[in-house]
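J.: Sequence:
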Amino acid sequence: MTEAAHSVHDMLLTPTGLRYRGRLYPCSIGKGGISAAKREGDGATPTGIHRIAMTLYRPDRLARPAPWARPIVTGDLWSDDVRDPAYNRWVRAPYAPSHEALRRADPLYDLVLVMDWNWPDAVPGRGSCIFMHQWRRPGYPTEGCIALRRDHLQRIASIALPGTRVFVRNQ
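The C-terminal residue of the sequence shown carries number 727 in my numbering, and the numbering is unbroken.
The reader is advised that the hints may include incorrect statements.
The following label-pair restraints were derived from C-beta to C-beta distances [claimed, not checked]: (1) Asp677 with Thr572: 30 to 40 Å; (2) Gly631 with Gly597: 17 to 27 Å; (3) Ala592 with Pro623: 29 to 39 Å; (4) Asn726 with Gly631: 23 to 33 Å; (5) Asp616 with Thr572: 18 to 28 Å.
No farther apart than 20 Å at their CA atoms in a straight line, the calculated lysine to any residue pairs in the SDA-like style are these [what the hints assert, rightly or not]: (6) Lys587 with Thr572; (7) Lys587 with Pro694; (8) Lys587 with Gln690; (9) Lys587 with Gly573; (10) Lys587 with Gly681; (11) Lys587 with Glu656; (12) Lys587 with Asp636; (13) Lys587 with Glu699; (14) Lys587 with Gly597; (15) Lys587 with Arg725; (16) Lys587 with Val647; (17) Lys587 with Arg693.
Honestly, the hints are just simulated from the structure, not real lab data.
For each residue, glycine too, the CB sits at the ideal point set by N, CA and C.
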C-alpha cells in the first residue's frame, strides 16, 4: 500500500495518529499492536483497507452525528462468540452467547463507527468488533479498536460517509 493509494477522503492510521481530511487526530490502537494475522481476543488492530459500515450513537447522551447514524438503545449487544451464527453482528438482549454491551455506563460507546473488519460474512475466530470509539485517555490501548478524543470522534462521524475507507498498515 503506497501513499498514492489513498486520498484525502480516506482515513489513514499513521504512527502519529489518524489522518483524515487534512487533519491529524491523536488516537489509540489495540494493546496487541497492529497485526496482519488478526484473531479473536488478541487485542490487535487488523491491517488492511477497512470501510465504515455504520455509525451508532447514544441518543440520550448526544445528538445524531449524521443522518445515517443509528441509535443504540437498551438491549443492544455485539456478539463475540465464535460458535454462534450471529458472531460479529449486532444482536439484542436477551442473548446467551458471549457478547459485548453497546449501551455502556461509561462513555466509550456513546458514538461508534463500525468498520467492516470480518463483517458482514464473519469467519469465526478472525476477530470481531473493530470499532472507532471514544478513548479512555490519551495513549490507553484498546482491545483492537481505534479510539479517539470525544470531540475528534464527533467531528469525524459528522463528515464520514458509509464506505469511507480506513487504511491500517504495519507501522
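J.: Each hint should be assessed against the structure and marked as holding or not.
T.: For each hint, the structure was consulted:
no.	hint	result
1	Asp677 with Thr572: 30 to 40 Å	holds, 34 Å
2	Gly631 with Gly597: 17 to 27 Å	holds, 24 Å
3	Ala592 with Pro623: 29 to 39 Å	holds, 35 Å
4	Asn726 with Gly631: 23 to 33 Å	violated, 38 Å
5	Asp616 with Thr572: 18 to 28 Å	violated, 34 Å
6	Lys587 with Thr572	holds, 16 Å
7	Lys587 with Pro694	holds, 13 Å
8	Lys587 with Gln690	holds, 15 Å
9	Lys587 with Gly573	holds, 15 Å
10	Lys587 with Gly681	holds, 18 Å
11	Lys587 with Glu656	holds, 18 Å
12	Lys587 with Asp636	holds, 18 Å
13	Lys587 with Glu699	holds, 6 Å
14	Lys587 with Gly597	holds, 11 Å
15	Lys587 with Arg725	holds, 16 Å
16	Lys587 with Val647	violated, 26 Å
17	Lys587 with Arg693	holds, 14 Å
Consistency with the previously given hints fails for numbers 4, 5 and 16, ordered from lowest to highest.
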